[in-house]
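Each protein sequence line maps, in turn, to chains V and D. First residue of the first sequence? That's 6 in the numbering used here, and the numbers climb one at a time after it. First residue of the second sequence? That's 22 in the numbering used here, and the numbers climb one at a time after it.
Calculated directly from the structure, the hints in this document are not laboratory data. From a predicted model like this one, the values you see are computed outputs, not experimental measurements. Note that the Cβ used here is the ideal one computed from N, Cα and C, for glycine as well. Among the clues, some could well be false.
[What the hints assert, rightly or not] Among the chain D residues that face chain V by a calculated CB cut under 10 Å, a handful are:
hint : residue
1    : 53
2    : 62
3    : 82
[Unchecked claim] The following label-pair restraints were derived from C-beta to C-beta distances:
hint : chain 1 : residue 1 : chain 2 : residue 2 : range
4    : D       : 100       : V       : 84        : 43 to 51 Å
5    : V       : 49        : D       : 29        : 44 to 52 Å
6    : V       : 27        : D       : 66        : 19 to 27 Å
7    : D       : 35        : V       : 78        : 19 to 27 Å
8    : D       : 73        : V       : 45        : 38 to 46 Å
9    : V       : 64        : D       : 84        : 40 to 48 Å
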Amino acid sequence: DGGITQSPKYLFRKEGQNVTLSCEQNLNHDAMYWYRQDPGQGLRLIYYSQIVNDFQKGDIAEGYSVSREKKESFPLTVTSAQKNPTAFYLCASGAMNTEAFFGQGTRLTVV
Amino acid sequence: EDQVTQSPEALRLQEGESSSLNCSYTVSGLRGLFWYRQDPGKGPEFLFTLYSAGEEKEKERLKATLTKKESFLHITAPKPEDSATYLCAVQLRGEAAGNKLTFGGGTRVLVKP
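Same shape as in the complex, but just chain D:
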């Protein structure tokens, strides 16, 4: 069965304290892996797409990487405005899989000043 697992469930950081979030996946064939940011009471906001092992994407203090089994979202020198829930999702290859995204449970990040 296809599975997406995120860890940790929650993360408390001091401002400036860098850390990494993990998204591990067990799927039959990966087409793409997506990272989203979600603020309370809002819809998820798209951050990155990764398609192949070794690929990296960066945006401000965020950097996403991908291996054959997992993805990491690195937060460098975080600020309080980086506090949010970060979600990862996978899209599978093959016509039977359709275009759907399967999400992990998310990591709630709190950055204290």
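Next comes chain V alone, as it looks inside the complex:
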């Protein structure tokens, strides 16, 4: 099946811990994105990548880091520097200059 796979679906983080969210796509898309969604809100861009080994900060990159070592994979690390990490995280991919397709999301909760 072609698509975008995010894992895990639910993630719990203790204060001061780093956690990594996985995003894999088999659509052969060049561009990949990470968005954050808070309850009742739209999507805010954290990081995006248009090509392997290159990525750019979005509007709310502080406290997050990414890597793009393979075309298929774009993991997001939520670091301890992110003071309010509880949110719904969405990964997307797309061909250049076209729409993006989304995964099913990871819900991160700080305990």
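Use these hints to put chain D onto chain V, whose structure you have.
Below, chain D without anything else, positioned relative to chain V:
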């Protein structure tokens, strides 16, 4: 500053009661405008792409239109299964803009039987 604003924030409709959602944008150069549907706890599902003023796209009970300043998503004779949050997003022209999408805050639609 580039901005995307959706209105209303929430909409309650009776089954069969047609209505329209608005997405207004203030951007430096529009490459494309996208509409998505999002169900609770799920990722957004792509609906339409519009590229130029005057363009229209239709899918079942949904029709999207675009002008130079805004887009409308018309829902004709909605059914309860049309209940969802509808998101619009813009993609800008120019290499500096990259390929990223900027989203509005969404409109939550509830259709009651």
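Now for the hints, and whether the structure bears them out:
no., hint, in the structure
1, 53, "7 Å, holds"
2, 62, "7 Å, holds"
3, 82, "20 Å, violated"
4, D:100 to V:84: 43 to 51 Å, "44 Å, holds"
5, V:49 to D:29: 44 to 52 Å, "21 Å, violated"
6, V:27 to D:66: 19 to 27 Å, "21 Å, holds"
7, D:35 to V:78: 19 to 27 Å, "46 Å, violated"
8, D:73 to V:45: 38 to 46 Å, "32 Å, violated"
9, V:64 to D:84: 40 to 48 Å, "31 Å, violated"
The structure is inconsistent with the numbered hints 3, 5, 7, 8 and 9, although it conforms to all the rest.
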